[in-house]
Structure formats: structure tokens, C-alpha cells
Amino acid sequence: MTRRGYAPRVLAIPALVGIAFLVLPLAALVGRVQWATLWQDVTSTEALSALRLSLTTGLLATAICLVIGIPLALFIARAAPRTAALLRAVVTVPLVLPPMVGGLSLLFLFGRSGWLGWTGWQVPFTTVAVVLAQIFVALPFLVLALEGAIRTSGIDYERTAAGLGAGSWTILWRVTLPLALPGLLSGTVLCFARAAGEFGATALFAGNAPGVTQTMPLAIYTAFNGAGVSQGSAIALSLMLLVTSVAVLLLVRGWRPGGGAAVAEELR
Amino acid sequence: MTVAGGSGAALDAEIRVDRGAFTLDAALRAEPGEIVALMGPSGAGKSTMLGVIAGFVALSAGTVRLDGDTVQDAARIDVPPRERGVVLLGQQPRLFPHLNARDNIAFGPRSRRVPKTRARADAEAWLERIGLAGLGDRRPARLSGGQQQRVALARALATAPRALLLDEPLTSLDPATADGIRALLRGELAATGTTVVMATHDAADAVALADRLIVLESGRVTGDAAPSAVLDAPATPFAAALARTVPGAAASWEVRVEGTRIIAGGVIVRGRAADGSAVELQMPPDVPVLPGAVISVRPPTL
Numbered sequence: 167m168t169r170r171g172y173a174p175r176v177l178a179i180p181a182l183v184g185i186a187f188l189v190l191p192l193a194a195l196v197g198r199v200q201w202a203t204l205w206q207d208v209t210s211t212e213a214l215s216a217l218r219l220s221l222t223t224g225l226l227a228t229a230i231c232l233v234i235g236i237p238l239a240l241f242i243a244r245a246a247p248r249t250a251a252l253l254r255a256v257v258t259v260p261l262v263l264p265p266m267v268g269g270l271s272l273l274f275l276f277g278r279s280g281w282l283g284w285t286g287w288q289v290p291f292t293t294v295a296v297v298l299a300q301i302f303v304a305l306p307f308l309v310l311a312l313e314g315a316i317r318t319s320g321i322d323y324e325r326t327a328a329g330l331g332a333g334s335w336t337i338l339w340r341v342t343l344p345l346a347l348p349g350l351l352s353g354t355v356l357c358f359a360r361a362a363g364e365f366g367a368t369a370l371f372a373g374n375a376p377g378v379t380q381t382m383p384l385a386i387y388t389a390f391n392g393a394g395v396s397q398g399s400a401i402a403l404s405l406m407l408l409v410t411s412v413a414v415l416l417l418v419r420g421w422r423p424g425g426g427a428a429v430a431e432e433l434r
Numbered sequence: 016m017t018v019a020g021g022s023g024a025a026l027d028a029e030i031r032v033d034r035g036a037f038t039l040d041a042a043l044r045a046e047p048g049e050i051v052a053l054m055g056p057s058g059a060g061k062s063t064m065l066g067v068i069a070g071f072v073a074l075s076a077g078t079v080r081l082d083g084d085t086v087q088d089a090a091r092i093d094v095p096p097r098e099r100g101v102v103l104l105g106q107q108p109r110l111f112p113h114l115n116a117r118d119n120i121a122f123g124p125r126s127r128r129v130p131k132t133r134a135r136a137d138a139e140a141w142l143e144r145i146g147l148a149g150l151g152d153r154r155p156a157r158l159s160g161g162q163q164q165r166v167a168l169a170r171a172l173a174t175a176p177r178a179l180l181l182d183e184p185l186t187s188l189d190p191a192t193a194d195g196i197r198a199l200l201r202g203e204l205a206a207t208g209t210t211v212v213m214a215t216h217d218a219a220d221a222v223a224l225a226d227r228l229i230v231l232e233s234g235r236v237t238g239d240a241a242p243s244a245v246l247d248a249p250a251t252p253f254a255a256a257l258a259r260t261v262p263g264a265a266a267s268w269e270v271r272v273e274g275t276r277i278i279a280g281g282v283i284v285r286g287r288a289a290d291g292s293a294v295e296l297q298m299p300p301d302v303p304v305l306p307g308a309v310i311s312v313r314p315p316t317l
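Residue numbers (this note's numbering), protein chains in the order written: chain Z, 167 to 434; chain F, 16 to 317.
It is worth saying that the hints were derived from the structure and are not from the lab. Treat the hints with care, since some could be wrong.
[To be verified] 25 angstroms max Cα-Cα, derived SDA-like pairs, lysine to any residue:
| no. | chain 1 | residue 1 | chain 2 | residue 2 |
| --- | --- | --- | --- | --- |
| 1 | F | K131 | F | L158 |
| 2 | F | K131 | Z | L343 |
| 3 | F | K131 | F | R153 |
| 4 | F | K131 | Z | L338 |
| 5 | F | K131 | F | L142 |
| 6 | F | K131 | F | D152 |
| 7 | F | K131 | F | E143 |
| 8 | F | K131 | F | P112 |
| 9 | F | K131 | F | Q163 |
| 10 | F | K131 | Z | E324 |
| 11 | F | K131 | Z | R340 |
| 12 | F | K131 | F | G146 |
| 13 | F | K131 | F | R154 |
| 14 | F | K131 | F | H113 |
| 15 | F | K131 | F | Q106 |
| 16 | F | K131 | Z | S279 |
| 17 | F | K131 | F | N115 |
| 18 | F | K131 | F | I92 |
| 19 | F | K131 | Z | W339 |
| 20 | F | K131 | Z | L252 |
| 21 | F | K131 | Z | W335 |
| 22 | F | K131 | Z | S334 |
| 23 | F | K131 | Z | L347 |
| 24 | F | K131 | F | A156 |
| 25 | F | K131 | Z | W281 |
| 26 | F | K131 | F | L150 |
| 27 | F | K131 | F | L147 |
| 28 | F | K131 | Z | T336 |
[Said to hold, decoys possible] Reference listing, derived: stretches of chain F covered by chain Z, where coverage requires no fewer than 3 residues with Cβ under 8 angstroms from a Cβ of chain Z:
| no. | segment |
| --- | --- |
| 29 | 120 to 133 |
| 30 | 234 to 244 |
A virtual CB, placed ideally from N, CA and C, is assigned to each residue, including glycine.
Using the sequences and the hints, build the whole thing.
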């Protein structure tokens, strides 16, 4: 067998610790599932309505992220280096910010006494607030993944297309986005996963009203706190989220962190 | 199929680009259907010149005209690349990696709203012309370098360009593959009547393909004539060095000495070259030269 690289073999030990640390907790979760009541738990009214709400708000947030995130990623990727670095930093802030702080900030923008309070638009503690909170935390994932892919593929192919007579919309749809497709796919998956799993900002900005703002993560939290529901329900809901996440990753074959750049390199 | 018959435009470019210490100041004219080779040392400004004509580089002064229409000048009458009808084909074929060979060739016509079925049928005919019939479904990654360059050439010609700019299209290919592409270029450029400007490092390409050769050195034109004329009477050391790379061109010439005359600081030698023309050479004072001797003159080495 050919030797794959020259990393010191002893590094296998911390590497194993790392993978165990990621896998064991999830195994422990699955180990606690009460299989007898599982079906009952996941088909309860609360669970189903939380699932429905999570799916619809998550998909809607992802769609809005695509509409505003693709242009933003294009703009950053083609901006002058300094402008691009600045914009990238701005986009990264919500990514590193504790989601609670994001929720608080949204409250001070959209709340009754916030900057947009004079409009009389009642946003907080509605389903709209759920979507806004999800967009706030999920948009950076899409923009950063896509921006990297677009920047890596460069403008040479776009120039070639322009020389052949293609207009800017044709170039966008038939050259730029197809070339950045791996980045777009992984960005969209991450964006949806982050939106569907959003907890902190939603809790502060949208509250925890069943059927209106209680998404899966909030339902899990509520169930686990023992507000009249058993822990079994929390575990069942968690299992559902876990299975969904793995399924999405499997669906989008070829997903890998930084996959955009790697695949673009292969295509060349 | 639509053969891009006689689509070539007359090209008339007065180009000045100031870029820090470097100034490109050169004129380039080509008749419709004419093939002009552009040669010069690296950094002489060849690629910049092609970039200006293609519309990717701004002018500091001058104009670019196609069939008399100004498409670019320093005051920014700037016809964008996609409306110019000028296609630049470089060392890298730059085929779109996500499209197969057929769709790559059909890309230009499709962008100009040619119906899909007709664009594909034309692309299929092009594949046959470039010797790649049956490979239309292959993505570029599954074509060899030479095959990719063939597809890139067909993709460029399928748009019936008013001018085709070639920037060392054969440089990254092995000699045998390059020969094949050279033959294809010769045939297709003549058949389509395309106006061509071709930057190259290979004097053999200029001799084999071009009607005219322009030599560009440090941003200035130092030679502009038929390739054989430029290479037979090299005006600069660079042109002389080029000439020596072409078999059969003026590699060296011989002078039969007829008489000598001593002047201050040297000896003037009168003689005749092989074609009978009279020649005078100035020699250092201490070189013994007798009538009847033969002096061999070689262009200097760079």
C-alpha cells in the first residue's frame, strides 16, 4: 500500500479522541431513545406543529437568503481587495456573535421602542420574527461559502463568455453560478441547517408560542425543561433533527467544507 | 451549416497605453481576412495590445476601429467586448468546464439567440471540421490539451468573429499536437476569411500562417512587413535572432572580398554578397583581409 502523506503516526491518538468526542454524545442520545413511545412522541400535536413550523420558516429563510445572499456574494467576490475584506468581516460578525446578542439586536431594531418601532409594524413574537432571526444567523454561511467559490473561479471564464457575445445575465446564469455550484450547494445546506437549528435569537426575538414561534429547537428545550412533557419527547425530537441533518448531508453528495474551491480545482 | 464566410473586418488600431515606466505605443492595421503575426520579446506589450483590441484593457490614447467604426478610444467610446465581435483565444483554451464540447461550441451562437437545435447542429458540423466528430458529449476534462484547443478554436470561429486574436495558442502544446493545430488553423482561417492577429514566439508560425509580421519591442513597432521580408533583412538584434530560428531564412550570409581601404580606426572592406549586391563592411584595424577571401556574417546572438 502506498503511504498516504507523512504525518507523524502518533497523531492518530488525538485524532481519534477528536472523532470520539463528536460521535459519542450523539450515540448516547440515540441510546436514551425510548423506542416504545417514539412514534407517539414524534407524532404528537406539539411535535408535528413544531416540525411544520421549523420546515416552513427554515425553507422560507433559506429562500430569502438565496435572493439577497447570491448578489451579496457576487458583489464581495468582485470588489476591490480592501472593500472585499471589510465586507467579509461585516458578514462574519453574526457568525461569531452569540445568537442571544443577535436576538437582542433584532429586538432593538424591530421592537416597539426600537428604530423601526414608529412604523407600527408588530414584528417581535410573530412567525415573521422567527424567519428574520433565522436569516440573521444563517445568511453569513451562504454568503461566505458562495463568495469563496466565485472568487476562486476568477473572471477569466466570464471574459471568455463576454468575448463570445454573452450578456451579463447570460454570463451569470450559464457561467458564473454553474462554476460556483459546489460552493452554492454547500452554502445552501449550511444555511438551511443553521436556520432550522436556530435557538437563541429566536427565543429572545420571537418567543416560544406553540404553533406560532415554537420551532423544533424551542420545542426540545421546552420539553426537556419538563413543562408538562416528558424528557422522552425531547429526545425523540432531537433524534428527528439528527436524522434530518444526516439525510440532508447525504442528499447533497460531495458536500465538504471548502468543497467549492476543491471541486472547482478538479473541474479545471 | 453556416460557414463564417468572409466575416473578417478591417482592423485599424492606434494604441497607446501608459503603465508606470512602460509605454506601449504601436499601430496595427489588418485588411479584412488578413492574418497578422505579432512577435516580440516577453514584456514587449503583445498581450496588452491584444487586450486593448478585445476590449479588456483601456487606452491612454489612440483608437481602435473595426471597418471604420470606432469601438474604443481614450475618450471611452467603448463598445463592450460582447458587442465587438472580437474573440481572444489564449494559451489556455478556457473551455467552460461544466459544458460538453458541443455546448461549448454552441455557446456563442446561443448567447446571440440562435435557436438551440440549430446552434447544436452547427456545433456538430464544427466538431466534424476540427476532426472531433463523435466527441461532442465529452466534458473538457475528458479531452486532451490539443483537442481542447481545437474545440476552443471552433467555439471562437462559430461566432463568425469580426477579428480573431490568438495569444500564443500553440505554446502549451507538444510539437506534434501543435503541428496538427497549425494545419487546422491554416485551413480554417483561410476558409472562413477571418481577420486574425496572432501573437507568437515561434517565427515558423509567422512564416507558415501569416500574411504580415509585426515586430514589437519595448512597446514600439520595429518591423512591419511580409514575414519573409522582416526575417530576411532583420532590422534589430531581436529580429535577427528570430530569423536564425527559421530554417532557410537568412541564417548567415557571405561576402567575397574585392578590395580594402584603410580609414582611421579600421578597415573598410568592399565585397559582393551571394546575390551579387555590393557590400561594404567596416572591420577592426588588425584583422588581415585579402581580396578573394570570404567573410561570413551572422546576426548577433541575443
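Outcome of the hint check:
1. Between F:K131 and F:L158, the direct Cα distance comes to roughly 23 angstroms. Compliance with the 25 angstroms bound is thereby established for this hinted pair.
2. A C-alpha spacing of about 21 angstroms is found between F:K131 and Z:L343, which places the hinted pair at or below 25 angstroms, so the restraint holds.
3. Restraint check: the Cα-Cα separation between F:K131 and F:R153 comes to about 18 angstroms, which is no more than 25 angstroms; the hinted pair holds.
4. Of the supplied pair hints, the one linking F:K131 and Z:L338 holds, its CA atoms being roughly 19 angstroms apart against a limit of 25 angstroms.
5. About 16 angstroms separates the Cα atoms of F:K131 and F:L142, which keeps this hinted pair within 25 angstroms; it holds.
6. The suggested pairing of F:K131 with F:D152 holds, with an alpha-carbon distance near 15 angstroms, which does not exceed 25 angstroms.
7. With a CA separation close to 19 angstroms, the supplied pair F:K131 and F:E143 stays within the 25 angstroms bound.
8. Our distance criterion of 25 angstroms between C-alpha atoms is met by F:K131 and F:P112, whose separation comes to about 20 angstroms.
9. Of the supplied pair hints, the one linking F:K131 and F:Q163 holds, its CA atoms being roughly 22 angstroms apart against a limit of 25 angstroms.
10. Pair hint F:K131 plus Z:E324 holds up; C-alpha atoms about 21 angstroms apart against a cutoff of 25 angstroms.
11. Using a Cα cut-off of 25 angstroms, the hinted pair F:K131 and Z:R340 holds, with the two alpha carbons roughly 14 angstroms apart.
12. The straight-line distance between the Cα atoms of F:K131 and F:G146 is roughly 23 angstroms, inside the 25 angstroms bound, and the hint therefore holds.
13. Taking the CA atoms of F:K131 and F:R154, the gap is near 19 angstroms; set against the 25 angstroms cutoff, the hint holds.
14. Taking the CA atoms of F:K131 and F:H113, the gap is near 17 angstroms; set against the 25 angstroms cutoff, the hint holds.
15. In summary, the hint linking F:K131 to F:Q106 is not supported, as the alpha carbons are separated by about 29 angstroms, beyond the 25 angstroms threshold.
16. With a C-alpha separation of about 57 angstroms, the suggested pairing of F:K131 with Z:S279 is violated against the 25 angstroms cut-off.
17. A hinted pair counts as satisfied when its Cα atoms are at most 25 angstroms apart, and F:K131 with F:N115 qualifies at roughly 14 angstroms.
18. Distance check on the hinted pair: F:K131 and F:I92 sit about 33 angstroms apart at the alpha-carbon level, beyond 25 angstroms; violated.
19. For the hint linking F:K131 to Z:W339, the alpha-carbon distance of about 16 angstroms falls within 25 angstroms, and the restraint holds.
20. The hinted pair formed by F:K131 and Z:L252 fails the criterion: a straight-line CA distance of about 43 angstroms is larger than 25 angstroms.
21. Straight-line distance between C-alpha atoms of F:K131 and Z:W335 comes to about 18 angstroms, which keeps the hinted pair within the 25 angstroms bound.
22. Between F:K131 and Z:S334 the CA atoms are separated by roughly 19 angstroms; this keeps the pair inside 25 angstroms, and the hint holds.
23. A threshold of 25 angstroms between alpha carbons decides the hint, and for F:K131 with Z:L347 the separation of about 23 angstroms falls inside it, so the pair holds.
24. For a cut-off of 25 angstroms, the pair hint linking F:K131 to F:A156 stands: about 24 angstroms separates their Cα positions.
25. Restraint check: the Cα-Cα separation between F:K131 and Z:W281 comes to about 52 angstroms, which exceeds 25 angstroms; the hinted pair is violated.
26. About 19 angstroms separates the Cα atoms of F:K131 and F:L150, which keeps this hinted pair within 25 angstroms; it holds.
27. Taken as a hint, the F:K131 and F:L147 pair is honoured in the structure, with Cα atoms around 20 angstroms apart against an allowance of 25 angstroms.
28. Annotation: proposed proximity of F:K131 to Z:T336 holds, straight-line Cα distance about 14 angstroms (limit 25 angstroms).
29. Judged by the Cβ-Cβ criterion of 8 angstroms, the segment 120 to 133 of chain F is covered by chain Z as claimed, because 4 of its residues qualify and three suffice.
30. Under the rule that three or more residues need a Cβ within less than 8 angstroms of chain Z, the assignment of the segment 234 to 244 of chain F is violated, with 0 such residues.
Violation of the numbered hints given earlier is confined to hints 15, 16, 18, 20, 25 and 30; the remaining hints are satisfied by the structure.
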